[in-house]
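*Asks:* Each protein sequence line maps, in turn, to chains A and B.
Sequential numbering from 128 applies to the first sequence in the working numbering.
Sequential numbering from 128 applies to the second sequence in the working numbering.
It is worth saying that the hints were derived from the structure and are not from the lab.
Each hint should be verified, as a subset may be incorrect.
It does not matter which identical chain is used: a pair holds within one copy or between any two.
Stated by the list, open to error - In the DSS-like style, the derived pairs of lysine-lysine whose C-alpha atoms are separated by at most 30 Å in a straight line are: (1) K477 x K521; (2) K355 x K493; (3) K407 x K377; (4) K526 x K207; (5) K411 x K377; (6) K521 x K484; (7) K355 x K483; (8) K467 x K214.
The primary structure of each chain is shown beneath.
2 protein chains.
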Amino acid sequence: MARNIVVAQSGGPTAVINSSICGIVMEGMRHENIVGIYGAINGILGVLREELANLREEEPASIWNLRRTPSAALGSCRYKLQERDFKRVMDVLRIHDVGYFLYAGGNDSMDTAHRVAELAAQANYDLKVIGVPKTVDNDLEITDHCPGYGSVARFNAIAARDSCLDTEAIYTTDTVKIIETMGRDTGWITASAALGRQDDELGPHLIYLPERPFIVEKFLEDVSSVYKRLERVVVCVCEGLRDENGELLKASRKAVDVDKFGHEQLGGVGDLLVNVVSEKLGIKARFDKPGTIQRVSMQCASSVDLEEAYRVGQVAMRKAIDGETDKMVTLVRAPGPTYKCEVSTVELEKVALKTKKVPDAFINDKSNFVSEEFFEYAAPLIGGTLPEYARLRKNLLQKKLANYL
Amino acid sequence: MARNIVVAQSGGPTAVINSSICGIVMEGMRHENIVGIYGAINGILGVLREELANLREEEPASIWNLRRTPSAALGSCRYKLQERDFKRVMDVLRIHDVGYFLYAGGNDSMDTAHRVAELAAQANYDLKVIGVPKTVDNDLEITDHCPGYGSVARFNAIAARDSCLDTEAIYTTDTVKIIETMGRDTGWITASAALGRQDDELGPHLIYLPERPFIVEKFLEDVSSVYKRLERVVVCVCEGLRDENGELLKASRKAVDVDKFGHEQLGGVGDLLVNVVSEKLGIKARFDKPGTIQRVSMQCASSVDLEEAYRVGQVAMRKAIDGETDKMVTLVRAPGPTYKCEVSTVELEKVALKTKKVPDAFINDKSNFVSEEFFEYAAPLIGGTLPEYARLRKNLLQKKLANYL
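Only chain A is shown next, with the shape it has when bound in the complex:
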C-alpha cells in the first residue's frame, strides 16, 4: 500500500544530521510504495503546525549536497509534546496519509518519537516510527556512538592541537589556555580534545569532565604542577562541570535560563576558571569557547561520521518500510582490530530520555585526563589521523657568550 513519509530533525544542529536526511530521502526515492516524501519544518512543531515541505520538489543536487551541509536544513526544535498536542499529531499524520515517521535527534527527540509511536498504536493507526540517532553529545544509550559526535570530536581534537601549538609558541603571554567545550551532562565532547594530543609536552595537558566533581583546589594543584614542568598549560573543560555538591560551575552573576525541556543554559566555566587561575596562582590565563561553531563545522567534519550519518538514515528508511516501528537505529561496533560498525535497531523506550555517561574506564585515575581506552574508542570515529604538522628539531648552536636574560 502506497503511503507518505514524514522526516524531521530535532535538537541541536550538527555537521552531519543533514547527511542522515539525505540518506532517508535517497532511500525513500528507491521504493515505489513511497509516494510523498515530506519534511516537517522545525521538527515535531512542523507536524503540529502542518508545515510539511514536499521534498520531491527539491533539486536533486540540493538533496545530494545535504551530505556536505551542516546544521539542520529542515529546521529544528526543542519542543516537548504536551497532552493537548496528542490529538493534533494524529490528525495531521492521518489527513496526509503518513505511513512512516522518521525523527532524527537525541534522547529528548527519541522520547518524542516514542510518544508518536504510542499514539499511533493507541489509535490503531498504521504508522512506522523510526528514530535516527543524532547528537554531538554522544550520550544515547545502546548505540556505540551517535552520528554528529565524530565530527564535533574532530573539531575539538584539531582545535586543541592548534591551541597547544599556539600556546607553545607564545607561552610567555598566553600561559594558561582554557578551552571550554560543549556538553551538558556528559564529557564526551570535552574528552575528544585529547585526540589532538601529539605528545605529553605539547598537550593538551588537563581535561575535566562532568562525570567527576570539579574541585577547584585540585584543579589549581594540577595546573601548578604542569606549569612548573612546562611553563604553560592547556586545559579543556566541559561547560557542564559541577562541584562537589552537584552545583553547576558558573559565574555567580549569570542569570540561569531554562529551555523548554527544563535544561539550564550553560557556559561561563572558561571565564570563571580564567579568573580563578589569575587570582589564585597569579598566572595569566585566557579562554576560548568555540560554542556552537564546534557542532556545525563542515571544515572539520569526520569522513567516518558523514558516511555513518548517511547510512543510519538509509537504514532507518529501509527498516520502516520493512515494518519495524518504535525503534531507533543503532551503530554496533564489530569486534576486531579494524574499525567497522554494523547497523541495528533498539526499542525507542530503551534510549528515550536516558543519558550515557563517559564510563569510568575512559577517565584516568587522577580524574584530570582520559585513559588509553578512550583513545581506542574514539580515535576511529574522527575519520583518520589529523593533518600532519612540521615539528622542528631546533638543534641549537653552541653558545659563545655568557648567559643573558
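Based on these hints, arrange chain B on the given structure of chain A.
*Replies:* Then chain B, alone, in the frame of chain A:
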C-alpha cells in the same frame, strides 16, 4: 662575502607565518653566499639569549611542511628591546657573523627590527634587516594587507556562516547569537565575518567594529529591529570595542591584565552583551568566542594567504641579499578586475608602531555592518568562495486543517 642569516618570529601566531619562514629558508638555501641559516628561538629573545637553531640540520620535509603548519614553529615573543639589551644584540649578531636579520611580525615587531637596523648602522656593522609582515590584525600601514589576515578572515567567514545556519535551524532556543572575534584596536578581523553572509536573511545581520564608538542603546535598537523581522539575530563583535568615552567594553569585575607592550588583555564583550540582550530585551542570547583558535586554523587557511606568506618570505630573503636594509616587504595590489599582488618594500620606520584602522569607506552608514567596498577588498584574500551548502526550497504542502500553535 659569505655570511649567516638569522630568522625569527614575533607576536601572535597565525596559520601562515611558518609559510613565510619556509620561504625565507628555501630562498636562503639557493644562495651560495649564505652559510649558516639560523632560527632564533622565541623571536628577539632568542637573539638575546643566544638561542639559535641550525635550520640546515632540519629534515627538508619538515622545512617544506612548515607551509601547512600553523602557529610559530620557532617560537614567538612579545618583548620590547630595552636600552640595556642594545649591546647584547650586537654582540650576539657579531660573534655569529650574522649578515642578515629577517623578522616576521606585526607593528611592534617592525619596531624591534627597525631598532636592530639602527643599532647595526650606529655600530658600522654590515647587517641587512628586512621585516616580514605578519599579523592576523591586518593593521600594518602601507601594505595592502598582511599575511595571516586572509586565513583568519576565512575562519571567521566560515564560522559566521555556520553560526547563521545553526541559528536559523534552532532560532527558537538560540535566538541571538553573538560571536566575539579578536581585534585589539581595529575591526579588520570582525569585519571578515561579513564574508560569510550568503544573504540578508541568513546573516550575519550586525557587525560592530572598534573604529566606531559602541553605543549600547543603539545596539539594542539594531538587535530589536532584526529580531522583529526574522525572530533571530547573528551579531559579530570585536573584543576591542570601546564606548563613547573610549573605555573598553568589559565585564566590570574582570581584572585588567597588561602585557609587556602595555596592551590590556581583552575579551569579555560577548559575555557582556549576552547579559545586556537578556536583561534589556528579554531575549535569550548566547555567545561564541573562538579566541586564539581562529588565528591558527590550518583547516580554514586561505590558499591565497598561504602563497603570499611564502612569497613575502622569499622576497624578503632576496631583498636582503640584494643589499636592502631597514625595510619591510609589502604587498601591493595591482589595479584591474583580477586580484593580483606584487611585492615591494617600504622603510621600516613608516610601519613600526603604526596602526591602520578600517577606513570609513569600509563601514556602512549605520555603523552596524561593513560596506560593499569592504567585500571588494577582502573577498579575494580568503582564497576563493566558501564551500557550497545546500539550501532547500521547502515548498509547503497545502494545509488541510485549521491553524494550530
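*Asks:* Does the structure break any of the earlier hints, and which numbers would those be?
*Replies:* 1, 6, 7, 8
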